[in-house]
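Asks: So the sequence lines, in the order shown, correspond to chains A and B. All residue numbers for the first sequence refer to the working numbering, where the first residue is 38 and numbers rise by one. All residue numbers for the second sequence refer to the working numbering, where the first residue is 6 and numbers rise by one.
Derived by calculation from the structure, the hints in this document are not laboratory data. Cβ atoms here follow ideal geometry from the backbone N, Cα and C, with glycine treated the same way. Watch out, some of these pointers could steer you wrong.
[To be verified] Just some of the chain A residues that point at chain B, by a computed CB distance under 8 Å:
1. Gly256
2. Asp259
3. Gly265
4. Trp372
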Amino acid sequence: MTTQTEEAGMPADTASPKDDDPGRTNRSERLSALAQQHGALVTLVIAMAVASLSFDTFLTGDNLENMALSSAFLAVVALGMTFVIITGGIDLSVGSLFALGGVLAAWGSQYGTVVALLLPLAVCGLIGLVNGVLIAHVRLAPFIVTLAAMLGARGILLAITDEGSKTYLVDKDSFFATLGQGSLLGIGVPVWITVALFVLGAVVLRGTRFGQYVYAVGGNEDAGALMGAPVARTKISVYTLSGLCAGLAGALNAAWLVSGVTILGSGMELEAISAVVIGGTLLSGGFGFISGSLVGVLLLKVIQNVINQIGSLDSAYQQVVSGAFLAVVVVAQTWLGRRRRVL
Amino acid sequence: MLSVSHLSKTFPGVRALSDVDFTARAGEVHALVGENGAGKSTLIKVLTGVYRPDAGELTYDGEPVRFGTPLQAQQAGISTIYQEVNLVPLMSVARNLFLGREPLGRLGLIDFRRMHREADEALRGLGIRVDVRRPLRELGVGAQQMVALARAVAVDARVVIMDEPTSSLEPREVKTLFGVIRMLRERGVAVVYVSHRMDELYEICDTVTVLRDGRVVHTGPLAELDRLRLVAMMLGREIGEVREEGMTKFTGSHDTEAEPVLRAEGLTVSHRLRDVSLEVRPGEVVGLGGLLGSGRSETAKAIAGALPTDAGRVVVAGVPVRAGSTAAAIRAGISLLPEDRKAEGIVPGLSVRENIALAALPALSRFGLVDDTRIDAIVETFMKRLRIKAAGPHQKVGELSGGNQQKVLLARWLALHPKVLLLDEPTRGIDVGAKAEVQALIDELADDGLAVLLISSDTEELIEGSDRVVVLKDGAVVRELTGDAVTEDALMRAIAAVPAGGSDD
Chain A
38 MTTQTEEAGM
48 PADTASPKDD
58 DPGRTNRSER
68 LSALAQQHGA
78 LVTLVIAMAV
88 ASLSFDTFLT
98 GDNLENMALS
108 SAFLAVVALG
118 MTFVIITGGI
128 DLSVGSLFAL
138 GGVLAAWGSQ
148 YGTVVALLLP
158 LAVCGLIGLV
168 NGVLIAHVRL
178 APFIVTLAAM
188 LGARGILLAI
198 TDEGSKTYLV
208 DKDSFFATLG
218 QGSLLGIGVP
228 VWITVALFVL
238 GAVVLRGTRF
248 GQYVYAVGGN
258 EDAGALMGAP
268 VARTKISVYT
278 LSGLCAGLAG
288 ALNAAWLVSG
298 VTILGSGMEL
308 EAISAVVIGG
318 TLLSGGFGFI
328 SGSLVGVLLL
338 KVIQNVINQI
348 GSLDSAYQQV
358 VSGAFLAVVV
368 VAQTWLGRRR
378 RVL
Chain B
6 MLSVSHLSKT
16 FPGVRALSDV
26 DFTARAGEVH
36 ALVGENGAGK
46 STLIKVLTGV
56 YRPDAGELTY
66 DGEPVRFGTP
76 LQAQQAGIST
86 IYQEVNLVPL
96 MSVARNLFLG
106 REPLGRLGLI
116 DFRRMHREAD
126 EALRGLGIRV
136 DVRRPLRELG
146 VGAQQMVALA
156 RAVAVDARVV
166 IMDEPTSSLE
176 PREVKTLFGV
186 IRMLRERGVA
196 VVYVSHRMDE
206 LYEICDTVTV
216 LRDGRVVHTG
226 PLAELDRLRL
236 VAMMLGREIG
246 EVREEGMTKF
256 TGSHDTEAEP
266 VLRAEGLTVS
276 HRLRDVSLEV
286 RPGEVVGLGG
296 LLGSGRSETA
306 KAIAGALPTD
316 AGRVVVAGVP
326 VRAGSTAAAI
336 RAGISLLPED
346 RKAEGIVPGL
356 SVRENIALAA
366 LPALSRFGLV
376 DDTRIDAIVE
386 TFMKRLRIKA
396 AGPHQKVGEL
406 SGGNQQKVLL
416 ARWLALHPKV
426 LLLDEPTRGI
436 DVGAKAEVQA
446 LIDELADDGL
456 AVLLISSDTE
466 ELIEGSDRVV
476 VLKDGAVVRE
486 LTGDAVTEDA
496 LMRAIAAVPA
506 GGSDD
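The whole structure should be built from the sequences, with the hints applied where relevant.
Replies: Put into structure tokens, the structure is as follows:
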């Protein structure tokens, strides 16, 4: 899977190489900016190099495809999360929406692919929209609003599955199942969809007016409002987008597993947030880019994979390592940010 | 172009504007002046759609209008440049300049090439050369302000409101700004210019409206008004009006023979203070005079270590104080009673006793344990001495009147046995009776040998309370009034004085 399919979609083109005014340029600041932007990518390359040298089984087609597939679903969730975090918000509901989307898709698949896709998108998008309205117009804290949505969505999920006892299956031969199970040029369809969504997301964030508003709202909400940015509409849009992404990821996952599994997605919101932050997006908002989030997801998955390969290491340590890694990244980001006087 | 009539706006407890008429005409630069609380910012916020008026009419281009949001006002062609830069620091210069009106190319995507080129041209036109792709925060504050200006001008504004636009500009940038203002005037744009700097007003403005206590006290051509009259109107004082002693509770002068206990030398803070030096002797009350924004509070804060200085030093009783540290200043014996006692002083939920003891706690505790009997003794002494009216030491400070809250704060600092007391607007917002008491108290404290630096917008209080008055203007000392020269007349003349080399109107 490529990670450089798009330009770094950041608000200020700090890294433009043809810059030649040494007056205002501070070399160490520039290096810090580069580190912040591409640190995750460099780490990913190193981690993959070390892993492939250490384990013969790492750089095999099967293993890589497995990693790519399991990354794909988280990556789609992280894509929506990136928009939310750049506006300075957070979305804790995505894990529940992921599971809800999967179950709704599996149930809907009996009525055809269109229903299997549209139903989760509609429901999860609507929940995201409600989140956004509460945050933008009622001015509630994103943390609380999306926490409530997380609990509520989990509740809906339990209700429609009889407390989780009923599992809806997807017909293995349906077109919907091929969205999860099929492959094109040897690469799984979910991976293709994910790549396409990331390219689209990067273009939207970087190249459209809406994308500029996302950065402006996160960078300085009051100034943005005074400059005429539609703050409320932008916030509502990003939470809706995040809900849509989570629902779609759930649906694709259900197609892949050919069933709607209710217990999925718990803790996924935190994984997605970790991936976004590792990818260089500032949790305080106003700065970040789409490609970083993809790198962040891959990095988390590589770490998981490596720990699985070390058979002797308890898989519980996987979380310890991921947690420690996240802590290191946040410390590094804060430090780099201070050097650049961003924070 | 844009006018208001019979405008009133009330906030809970405050009548911010009453029956205000104001007209900004096309091709005219209109100065809006007034001291703190005069209602300037409220008026601007009504004009730009941030506030809605309680009564009165807003007319724009001959039509009555109502702006619900700043966005509506902007779309109608009213641009505002705020005192603090209101842009997004993490975004690039060009993106800030074009936010919301980016040139779009194919597929509705932003045409960055064109945007960068146009941004570059727009800024070049204002005499600034920066790489428009760099983040805004890498620019100096002045350059950022110029970007805000470029943005305001670029949207084809018909009314441009500037709220103290020069407060963070270098002289060269001020020149550029004035060039832009003149260009706007020629284009027939109505400019509303808010500033405290006399020289700027007389250089660039055609008309002036003076606000005081929410009312318009004067409006007319600026050239017909000399500086002294303007200052007198802003301060609400008559020139040459003789005032008798005894209007305030201050008594005569204090012993001024001793060596100065506080010496501030060459205090400089970029854009705020320039080479401010002053001395205060024990038992002396020195007033800091000047208009709002002249650097009075900044001087006090710089002395107290609350504002980092670029140059200069503070010496207390012959010993230099480490700069930029409030702790060091307090140890050296400097206490500052801040201007905003709600935000920076009292803890309303704590009792009178706790509030008084707060700053002195380190001295009153042993091994981390607080010595209650000593606190009780100190609290009792000060409550009696400062005549704090409270049900008892355990009453919450939030329940006390403004005057008594101020006394509690004063007690807190006096409990540290300071050598120098800096009082920033000690009587603002407290009722007349309490005001007289606080004034008498200041007098007593000076008699007891404390060196007092007094800041007050109440000229009467300043003149009668001070033995000497150091007059500040645009962050620099312009005159020092001593002895018989401490009069309102002299103070206003000093504030209104034309700087050497400048031309009068």
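Asks: Checking each numbered hint in turn, tell me which of them this model violates, lowest number first.
Replies: 4
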